[in-house]
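*Asks:* One letter stands for each residue in the lines below.
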Amino acid sequence: MANTRPLSNATALRDEKVLRRVRHLGSARDGLQEWRLQRRTALALIPLGFYFVASMLRLATSDQLTAAAWLASPVPALLTILFVLALLAHAVVGLRSVLVDYVHVRARLVAAELLVRAAAVVLAGASVLAVLKLFLGR
Amino acid sequence: MERPLSPFMFPIWYRFQITSTLSILHRLTGIALALGSILLAWWLVAVAAGGELFAATHAFIGSPIGVVLLFLWSVAFFYHLCSGIRHLAWDAGYGFEIRDAYCTGYAVLTATVVLTVLAWLYVLLA
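Sequence order for the protein chains is A and B.
According to my numbering, the stretch in the first sequence is residues 1 to 138, in order.
According to my numbering, the stretch in the second sequence is residues 1001 to 1126, in order.
Every clue listed holds true.
Pair by pair, the computed Cβ-Cβ distance ranges are:
hint: 1; chain 1: A; residue 1: Leu136; chain 2: B; residue 2: Ile1018; range: 47 to 55 Å
hint: 2; chain 1: A; residue 1: Leu79; chain 2: B; residue 2: Ile1098; range: 34 to 42 Å
hint: 3; chain 1: B; residue 1: Tyr1094; chain 2: A; residue 2: Glu34; range: 17 to 25 Å
hint: 4; chain 1: A; residue 1: Ile46; chain 2: B; residue 2: Gly1051; range: 34 to 42 Å
hint: 5; chain 1: A; residue 1: Leu82; chain 2: B; residue 2: Leu1088; range: 17 to 25 Å
hint: 6; chain 1: A; residue 1: Ala69; chain 2: B; residue 2: Leu1035; range: 23 to 31 Å
hint: 7; chain 1: A; residue 1: Leu114; chain 2: B; residue 2: Val1117; range: 35 to 43 Å
Just so you know, the hints here were simulated from the structure itself, not pulled from any lab data.
Don't be surprised by glycine CBs; every beta carbon is placed ideally from N, CA and C.
With the hints as extra help, turn the sequences into a complete structure.
*Replies:* Given below as structure tokens:
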């Protein structure tokens, strides 16, 4: 493209360079959404975290029947699902920001991100299924 | 170009201050808690499955390694929670003065210790 324009046209050349830079290294345009998601999940995790940790520490040493009965009741079941989902969403954004800072090879970055996202989806699915199984009493 | 990045300064030239130390700890505890979510999902699945899987999980949590992991998880959790609230205050525009940053930094460390001790007193006494 640059060859078709006279080189004396400095403005066109500059604009093209700026455009090229923006296309390849410019704003990803969805960074704010990620920033918001991290803060919103952080806010949600303050009360959910206190609730869940208090319950967990109480249940950590208890037998299966006690833990199963707790997870089968509506409020703990709902709050546990919300806690796990908020936690994993928060973790994905957080781990991504760490990866972006330290993994400089593009292919490795993409692979690591995919791995983190896949792991989060699997953990979320397994946790929700487990709680739903107990809640629905099967 | 193979220019050294900033972390190369850590062992020798870099003097740690509470601000940077807490910032690094926030990341480290965040990574640790993300790994901990695997154990959390595992525990939920084990409770739902019952039987041998729960028995094995229960034995693991009760073992010395399990208890240490649970303790470290609680410390990381309370630290990341308190430090996270400090970060939210920064996001809202408060606490940027150096004096405030040091104050809230020590407050976060104190709150972490207090919450961890209270939580484990609760476990041991209940």
